[in-house]
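Asks: Sequence:
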Amino acid sequence: MRETSPAAIKSEPEEDNGFYPSPQHNKTSKREHDDEDSEYKPKKVKTEQDKKAKKRKYEYEEDEEDIKPKKKTKDKKGTDGKKGKKEEEEKWKWWEEERSTDGSKWRFLEHKGPVFAPPYDPLPDKIKFYYDGKQMKLSAPAEEVATFFSKMLDHEYTTKDIFRKNFFKDWRKEMTSEEKSKITDLNKCNFSDMNEYFKAQSEARKQMSKEEKQKIKEENERILQEYGFCIMDNHKERIGNFRIEPPGLFRGRGDHPKMGMLKRRIRPEDIIINCSKDSKHPKPPQGTKWKEVRHDNKVTWLASWTENIQGSIKYIMLNPSSRIKGEKDWQKYETARRLKKCVDRIRTQYREDWKSKEMRIRQRAVALYFIDKLALRAGNEKEEGETADTVGCCSLRVEHIKLYPKIDDQEYVVEFDFLGKDSIRYYNKIPVEKRVFKNLQLFMENKQPEDDLFDRLNTSILNKHLQELMDGLTAKVFRTYNASITLQQQLKQLTCSDENIPAKILSYNRANRAVAILCNHQRAPPKTFEKSMQNLQTKIDEKQNQLSAARKQLKAAKADHKASHDDKSKKTVEVKRKAVQRIEEQLMKLQVQATDREENKQIALGTSKLNYLDPRISVAWCKKWGIPVEKIYNKTQREKFAWAIDMAEKDYEF
DNA sequence: TATTAGACTTGATACAATCGAA
DNA sequence: TTCGATTGTATCAAGTCTAATA
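At position 199 of the first sequence the residue is numbered 199 (the UniProt record's numbering), and the sequence of numbers has no breaks.
Check before you lean on any hint, since a few could be wrong.
Cut-off 16 Å, straight-line C-alpha distance, at most; resulting in silico cross-link-like pairs (EDC-like, lysine to aspartate or glutamate) [claimed, not checked]:
#1 K402 - D417
#2 K137 - E110
#3 K438 - E411
#4 K314 - D270
#5 K93 - E327
#6 K623 - D651
#7 K341 - E653
#8 K93 - D329
#9 K283 - E226
#10 K236 - D417
#11 K258 - D389
#12 K213 - E203
#13 K182 - D132
#14 K93 - D233
#15 K169 - E179
#16 K314 - E292
#17 K180 - D132
#18 K112 - D278
#19 K263 - E307
#20 K434 - E411
#21 K543 - E584
#22 K134 - D185
#23 K421 - E386
#24 K624 - E499
#25 K151 - D193
#26 K105 - D233
#27 K421 - E468
#28 K447 - E399
#29 K180 - E143
#30 K91 - E203
Bear in mind the hints are in silico, worked out from the structure with no lab data behind them.
Here the structure is a predicted model, which is why all the values come from computation and not from measurement.
Just need the whole structure built from these sequences, with the hints factored in.
Replies: Written out as structure tokens, the structure is:
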């Protein structure tokens, strides 16, 4: 788990350096391309790309190849590269087909059900548990839960009061009455023998021979082949999470009141299976039954169960490369593109609404301004005491913002400081328009710090309003829209045509980073960060020394040539000059790398790349500059974005 | 209309696999 | 070939939003 660092991530006002989508910056969007046709219609696709696609419409016929898993591509150094490539080419292009119009998600669904966690394997007798200094043999159920705790001994979790309290309470439920009467104080429990045993086990796993490792790998592959795929409407599709979550201790993030509780083992009796009636139903393990087998094609999941910590439902669903996920993803970006067309209107409107006579409308308008300008999340209400205390826009409280009429040469500054999703801190100090500022003062009047800032607003009211402004518009569309438009703008701004590929990729990363900062996607600085920076610096220093040495040599060679004027010395000068040039380039590359890494210290690029950036923007950029798409997307990402890679041309505009 | 269950996306992180320098 | 660093993948928690229910 990560601690929310006190270090301000977004403390500098100059972070508002132009790429924040403020209303002013986007005044131009109206006159940009008019692509009425490229709009995504939920029922029928009609993008330009698609029209093209339609022309070469691919008539799909069921064929063995198609329901074969993409197995060969999994093999690392292609035992059969050619075949892998061939299969790649033959991959089903679902985006060239019509979508269903009746709200059903599939017509046929067949799968083998989930893979269960292995049963508990009791500890060898020589591994002891001690209570109050005395050795004690635990019953199997109590021992299993004890192992969960013992495995986490090195983790900060086990030092936290709530974690320990919750764990102990749930552990006691698993004990026999005899154990229960004996074990009454967690502080008297000694799990260290168990802890060392598990450490040794994991060490041994690392030390396994190649053959043993290979064997495990093959077994995993076999399970993947058997359970990792389903057949949905004639196509073999990869399942995302076909393994049931094993039992363990709940690791809530932030100050979670339920951390340490026992996540119980899921049995077949807990599982609801979803598949089509006319499919081969998955068989429950010997001697067990499913909770239910249903045939609901209005949903996408293959299996579900209710988890015991929050009582929420968990699902087994398909991989992001699947048709069902891809269509939805595509649709998401098309909705964001529709927002692009009317965002000016919406902005004008909410600015008008800041002046409304009605408090609820003013609150709605200010909240929407934050969602738009700062890419805040909607902020649903949460049940108190059930989860960590985190907020989003609509659930902001008075204590989360501070108002400064004037600070550091800026007027009307709002300082945000709150914990958002996953208890990640959002800190930002930003000047706003006078009207927003005055409204905020008004909203805060006569309120306690723990009162809601927007007391007349919630996500449902906000989204209802947004729905009226544009079909399909919700708060999160703004995040998608602003992320994607920022990427597009930044790429335009940062890419220099005369730069080489690494420099262009740095530009791409910087554009990506601008989005990650906007969306506040943080990461804990890698444990090895300082060290790896140091290593890099050492390399840079060395390179610099090399460079000055090379320059000296060049100078000497020049002097030599000046004196002798012969061919040999001329050649030497050339050689030395080239050497200097090469070293300069290497140095620059290292420096670029250092910059990139430093800038990325606490920024995570992955989330925005995967969830917020219209992949067609990136693909178009690659095509425009002749950059292999592999430099931007790894294999998994290419599978997820296959639709975009196939359809986006270099002139694609978000 | 308000509440809650349900379905699905988004998110950080732990761990495994791979890479590249020594 | 080994080992530490880097990258990729799996995991599962925590959001958003919709639809069902009271």
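Asks: Are there hints from earlier that the structure breaks, and if so, what are their numbers?
Replies: The structure conflicts with hints 2, 10, 27, 30, although it agrees with all the remaining ones.
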